[in-house]
Amino acid sequence: MLGFGSCDKEDAETVAPVEPVKTQETVTKPQPKEVVNTVETNEKKYVLIGAGPASVRAAETLRKADASCSITMIGLEKESPYSRMALPYYLSGMIEDTGTHLRKGEGHFEGLGINHVFAKVDKIDAQKHNVTVDNGDVYDYDKLMIATGSRPANSPFPGADNKGVVNCWTLEDGREILNTIKPGSKVALLGAGFVASIIIEAMLKRGVDLTVMMGRTGRMVSRMMDETAGDMIKSWCEAKGVTTILPASIKSIEAGPALKRDDDSLTEYDLIIVATGVYSNIEFLEGSGIETDSGILVDAGLRTNVDDIFAAGDVAQGLDFSTGGQSVHAIQPTAVDHGRIAAVNMMGGAAAYKGSLCMNVLDTAGLVSTSFGSWGGVEGGETATLVDLENYKYIRLNFKDDLLVGAITVGRTDSIGVMRGLIQSEVSLGDWKEKLTEDPTLLMNAYLSRSLDIARN
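All letters in the sequence shown, in the order written, are residues 2 to 458 by our numbering.
Worth double-checking, as some hints may not be accurate.
List time: in silico BS3-like cross-link candidates among lysine-lysine, alpha-carbon distance up to 30 Å [said to hold, decoys possible]:
id: 1; residue 1: Lys164; residue 2: Lys79
id: 2; residue 1: Lys187; residue 2: Lys121
id: 3; residue 1: Lys46; residue 2: Lys79
id: 4; residue 1: Lys164; residue 2: Lys45
id: 5; residue 1: Lys235; residue 2: Lys164
id: 6; residue 1: Lys46; residue 2: Lys124
Derived from the structure by calculation, the hints contain no laboratory data.
Make the full structure from the sequences, and use the hints.
In structure tokens, the structure reads:
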């Protein structure tokens, strides 16, 4: 099982934003508006909002460089920092919940002198250089990094607040799912994007009777795959016993839980999982002066438009390698890189992020699919494809002049690194472009040949 994606926002535009899911209670409230870290010292005060991969890497980078600085990491969930990428492995039974933790062993952060606070940030005051959390505490900072990640979008259907309807986003969500299902349980999965596709494999391994609602396009992973690839993945899932339905056939979610169909019939389930998209957690920034779009706008150094404030991870909208514009790239490797680079620059360094390549690698019930760069092609470009529907194999290469600018594969894992390398390095293919147009499977040959040519010159 594997899955990581950097340009897929699921079907997020189909639903309205919702408030962040708060899965655990915050710490006991002290006196309101208590300023908890304003002791007059020469030590630098770093505050990190969020407790995911970006903040963990930033905190450790800061501590390694400065043994005396104050580091506060504020996270909403009362959990040890964990990887959302690992949740499918937990759901499938391959690991325990502790196996999702980013750092093993009790006391890791305490041992590094990192203050891990469980709270929700309500306000950033850039002029006063402090943040206020939901229990009234105030944390002063010299430098601030925002890494609040994403939150699940709400269901596009009324009734999502009924008992037995859950998201699959937090570790607590995972526990609730596992406490509900057993072999033979009837489960409906609303959504067929990246996150939903990973959930499918975990549910099949648990032996449930699974129904999946497609996106508006009627195919799977429409935001990271073209029609051929999406339909191929859908057919693969159906061959594995998954029932697929269209969103137009659903009116609402009813108590039970159940789905009311367009003919007013009810289909009851033991569990309904909502996976219809995600949004960056930026609502609390209103009035802060920090510029946002779909995420927080940052430069190559992960700096926002406000002095001494940085952003990293799923919430940061930074340089996009493929387009030259700014995009949110919500994958863990990008978050880790962001955290390190932001920390270096918070300390006065000069690190730069070169940009994220739109990249998705997905394992859906054993069928591996990938998309890289401008996978849908570019204006004035050329495309080469090779399709084997019977054996679930597909490759699509997109060219601009003699450069490979995007690719899609299904059922092929032999050239994943090669595709990424050719696209990111912008290697001129020369005569190999024509050869690849005739036979897209020659990617490895093209890569090795062009690499040798470059080395000789």
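Evaluation of the provided hints:
no.	hint	verdict
1	Lys164 <-> Lys79	23 Å, holds
2	Lys187 <-> Lys121	35 Å, violated
3	Lys46 <-> Lys79	23 Å, holds
4	Lys164 <-> Lys45	47 Å, violated
5	Lys235 <-> Lys164	29 Å, holds
6	Lys46 <-> Lys124	18 Å, holds
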